[in-house]
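S.K.: Protein chains in written order, with the numbering used here: chain A, 7 to 178; chain B, 4 to 234.
Be careful, since some hints might not be right.
Straight-line alpha carbon distances no greater than 35 Å define the calculated DSBU-like cross-link-like pairs of lysine-lysine that follow [stated by the list, open to error]: (1) Lys160/B / Lys51/A; (2) Lys56/B / Lys38/A; (3) Lys147/B / Lys133/B; (4) Lys167/A / Lys44/B; (5) Lys19/A / Lys167/A; (6) Lys51/A / Lys38/A; (7) Lys56/B / Lys158/A; (8) Lys190/B / Lys160/B; (9) Lys190/B / Lys148/B; (10) Lys234/B / Lys168/B; (11) Lys147/B / Lys39/A; (12) Lys190/B / Lys19/A; (13) Lys74/B / Lys51/A; (14) Lys66/A / Lys35/A; (15) Lys38/A / Lys78/A; (16) Lys98/B / Lys163/B; (17) Lys148/B / Lys98/B; (18) Lys74/B / Lys116/B; (19) Lys163/B / Lys38/A; (20) Lys74/B / Lys56/B; (21) Lys140/A / Lys147/B; (22) Lys223/B / Lys44/B; (23) Lys98/B / Lys19/A; (24) Lys147/B / Lys38/A; (25) Lys178/A / Lys158/A; (26) Lys38/A / Lys234/B; (27) Lys167/A / Lys122/A; (28) Lys168/B / Lys39/A; (29) Lys190/B / Lys78/A; (30) Lys66/A / Lys56/B; (31) Lys158/A / Lys163/B; (32) Lys206/B / Lys66/A; (33) Lys199/B / Lys140/A; (34) Lys39/A / Lys199/B; (35) Lys75/B / Lys56/B; (36) Lys206/B / Lys51/A; (37) Lys39/A / Lys116/B; (38) Lys51/A / Lys147/B; (39) Lys39/A / Lys78/A.
Everything labelled a hint here was simulated from the structure, so no lab data went into it.
Just so it is clear, the structure is predicted and the values come from calculations on it, not from any experiment.
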Amino acid sequence: MSQLSTYLPEDIKNFLLVHQEEQNSEQSKSLKKLLSVQDKISIFKNINPEELKAIVYDLKFIRAVHQDVIIKENDESRDIFFIIEGECHVSREGNKLGTLRPGEIFGESGAIFHSKRNASVICASEEVKLLSFKIDENNLEFCSVALATLYKNLAHEINAKLEDINYAYIMK
Amino acid sequence: MNITTVENEIYEFNVAFFLKYVAATDEFAQLAVSHGLYIPKENYTLVSDFLNKLFSHFKTLDPKFFNPTLKKLYFDTVRLQQLLLSLELETQNPKTVFQNRFLPSSPSFGMLKKEIAKLKNRSLPSLEEKQTLSALVDASETIKKIAYRRFSALFYKDAKYLRHKLLEALNSKTFYFDRLLWIEARKSTVLSQHLKEIGFSTKEYILHSDDFLKTYTKNKNYFQNCLRIYK
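I would like the entire structure built from these sequences, with the hints used as guidance.
M.R.: See below:
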């Protein structure tokens with residue numbers, strides 16, 4: 007029972023043409039850029055690179071200088087930030103809550119729960135290098151494993167933060 | 004009547020019920036395997052409708068705009084969308100499918116029904132016959148409940164699997180349709196002229212459309228979602 011079209015050798019040639027064009031496309035460049043940093047970012051570990059490309063968007067490398075406001079309390083945005091280099095201060099209503107260091111992430115709760123930013127993050131070093139991105143759930147159908155892994159990695163990071171807070175509280 | 008026989012009937016019913024969907028997914032699987040077709044991780048099914056309209060628009064602008072592969076891909080994406088919609092409608096209520104289609108087609112339940120009807124039609128049933136009838140009616144209800152549990156488990160599993168496979172086929176064909184549409188557009192003098200200022204990709208075309216459609220929030224959100232595919 008043939009319900010779909012029959013593809014002839016001429017059609018297959020056209021498919022190969024698409025494959026050739028794809029090699030040089032912008033998407034391939036964006037994947038290469040992402041792959042170059044994937045190993046360095048804990049929340050991207052164990053994710054298939056092709057799927058990783060599909061579940062993140064608005065990937066940007068950001069450079070901030072001392073006192074730059076990276077996240078403003080009560081703002082609405084879905085970006086997640088990963089600190090590559092430098093330190094940031096976290097504050098709420100003017101009170102300093104803590105310091106974020108390289109390898110740490112922030113902004114994840116706004117992205118996951120679509121809530122307003124609950125604190126401000128300000129550049130504390132002379133310069134801070136960050137990677138920011140958003141999570142794309144539109145591709146859930148084809149990347150469910152990657153999305154589950156990303157959320158598991160995020161949960162791991164949140165848990166580590168909570169452990170640090172608990173430790174600091176006990177030590178007081 | 005034993006449950007293994009009923010299970011076989013459930014299996015055979017499912018095979019027949021999902022036949023057209025299995026045929027379409029098998030056709031795509033053969034094509035994908037034999038020619039190494041790419042199944043993207045990005046959800047190109049989002050732009051399927053947009054591309055179909057764009058294809059018609061291009062044909063209006065350039066009546067000579069024709070490529071057999073493009074036409075086949077257009078036909079297949081429309082067909083796959085229809086199949087997905089039909090699968091969704093046909094599988095949204097398994098209880099109704101079980102009662103209205105499986106039970107009347109099941110030889111085991113047919114025989115049981117006949118037995119019950121025969122006993123019910125006795126003019127002066129003996130006490131023993133009355134007890135047999137009551138036991139048969141109870142047994143029939145119990146078996147129906149067990150059968151429905153098995154039926155719905157298999158039915159849900161098959162429907163979910165086929166939906167995913169149809170979406171994969173639609174996603175892959177939409178991807179090729181998207182890329183080939185622009186390769187062909189570049190070959191057309193009329194379209195080249197038209198697209199000179201806009202650009203030769205869906206992303207650039209959406210950004211152009213987004214610019215004059217920004218007041219329509221629904222379209223705006225749709226286009227924003229589409230743009231994420233192209234990064």
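S.K.: Look at each hint and say if it fits the structure.
M.R.: Taking the hints in turn, this is what the structure says about them:
1. For the suggested pair Lys160/B and Lys51/A, the alpha carbons sit about 31 Å apart, so the restraint of at most 35 Å is met.
2. The suggested pairing of Lys56/B with Lys38/A holds, with an alpha-carbon distance near 32 Å, which does not exceed 35 Å.
3. At most 35 Å may separate the alpha-carbon atoms for a hinted pair to count; Lys147/B and Lys133/B meet this at roughly 21 Å.
4. In summary, the hint linking Lys167/A to Lys44/B is supported, as the alpha carbons are separated by about 32 Å, within the 35 Å threshold.
5. A threshold of 35 Å between alpha carbons decides the hint, and for Lys19/A with Lys167/A the separation of about 53 Å lies outside it, so the pair is violated.
6. Between Lys51/A and Lys38/A, the direct Cα distance comes to roughly 16 Å. Compliance with the 35 Å bound is thereby established for this hinted pair.
7. Of the supplied pair hints, the one linking Lys56/B and Lys158/A is violated, its CA atoms being roughly 40 Å apart against a limit of 35 Å.
8. A C-alpha spacing of about 45 Å is found between Lys190/B and Lys160/B, which places the hinted pair above 35 Å, so the restraint is violated.
9. Using a Cα cut-off of 35 Å, the hinted pair Lys190/B and Lys148/B is violated, with the two alpha carbons roughly 62 Å apart.
10. Annotation: proposed proximity of Lys234/B to Lys168/B holds, straight-line Cα distance about 25 Å (limit 35 Å).
11. With a CA separation close to 58 Å, the supplied pair Lys147/B and Lys39/A exceeds the 35 Å bound.
12. For the proposed pair Lys190/B and Lys19/A, the alpha carbon gap of about 16 Å is at most 35 Å, so the pair holds.
13. Distance check on the hinted pair: Lys74/B and Lys51/A sit about 41 Å apart at the alpha-carbon level, beyond 35 Å; violated.
14. Between the alpha carbons of Lys66/A and Lys35/A the distance comes to roughly 14 Å, so the proposed pair stays at or under 35 Å and holds.
15. Distance check on the hinted pair: Lys38/A and Lys78/A sit about 31 Å apart at the alpha-carbon level, within 35 Å; holds.
16. With a C-alpha separation of about 16 Å, the suggested pairing of Lys98/B with Lys163/B holds against the 35 Å cut-off.
17. As the CA atoms of Lys148/B and Lys98/B are separated by approximately 11 Å, the hinted pair is consistent with the 35 Å bound.
18. Taking the CA atoms of Lys74/B and Lys116/B, the gap is about 52 Å. The hint is violated against a cut of 35 Å.
19. Restraint check for Lys163/B and Lys38/A: satisfied, since their Cα atoms lie roughly 34 Å apart, inside the 35 Å limit.
20. Between Lys74/B and Lys56/B, the direct Cα distance comes to roughly 13 Å. Compliance with the 35 Å bound is thereby established for this hinted pair.
21. Under the criterion of a C-alpha separation no larger than 35 Å, the hint pairing Lys140/A with Lys147/B is inconsistent with the structure, at around 49 Å.
22. Among the hinted pairs, Lys223/B with Lys44/B is consistent with the structure: their alpha-carbon atoms are about 23 Å apart, no more than 35 Å.
23. Under the criterion of a C-alpha separation no larger than 35 Å, the hint pairing Lys98/B with Lys19/A is inconsistent with the structure, at around 47 Å.
24. At roughly 57 Å between alpha-carbon atoms, Lys147/B and Lys38/A are farther apart than 35 Å, so this suggested pair is violated.
25. Annotation: proposed proximity of Lys178/A to Lys158/A holds, straight-line Cα distance about 30 Å (limit 35 Å).
26. For the hint pairing Lys38/A with Lys234/B, the CA-to-CA distance comes to about 13 Å; that is within 35 Å, so the pair holds.
27. A threshold of 35 Å between alpha carbons decides the hint, and for Lys167/A with Lys122/A the separation of about 19 Å falls inside it, so the pair holds.
28. Proximity of Lys168/B to Lys39/A is assessed by CA-CA distance (about 30 Å); at most 35 Å being required, the pair is judged to hold.
29. Distance check on the hinted pair: Lys190/B and Lys78/A sit about 49 Å apart at the alpha-carbon level, beyond 35 Å; violated.
30. At roughly 33 Å between alpha-carbon atoms, Lys66/A and Lys56/B fall within 35 Å of each other, so this suggested pair holds.
31. As the CA atoms of Lys158/A and Lys163/B are separated by approximately 24 Å, the hinted pair is consistent with the 35 Å bound.
32. At most 35 Å may separate the alpha-carbon atoms for a hinted pair to count; Lys206/B and Lys66/A meet this at roughly 19 Å.
33. Between Lys199/B and Lys140/A the alpha-carbon distance is near 32 Å, which keeps this suggested pair within the 35 Å criterion.
34. For the hint pairing Lys39/A with Lys199/B, the CA-to-CA distance comes to about 29 Å; that is within 35 Å, so the pair holds.
35. Note on Lys75/B and Lys56/B: the hinted pairing holds, with a Cα-Cα distance of about 15 Å set against a maximum of 35 Å.
36. Restraint check for Lys206/B and Lys51/A: the C-alpha separation of about 29 Å stays at or below 35 Å, so the hint holds.
37. Using a Cα cut-off of 35 Å, the hinted pair Lys39/A and Lys116/B is violated, with the two alpha carbons roughly 67 Å apart.
38. Taken as a hint, the Lys51/A and Lys147/B pair is broken in the structure, with Cα atoms around 49 Å apart against an allowance of 35 Å.
39. Restraint check for Lys39/A and Lys78/A: the C-alpha separation of about 28 Å stays at or below 35 Å, so the hint holds.
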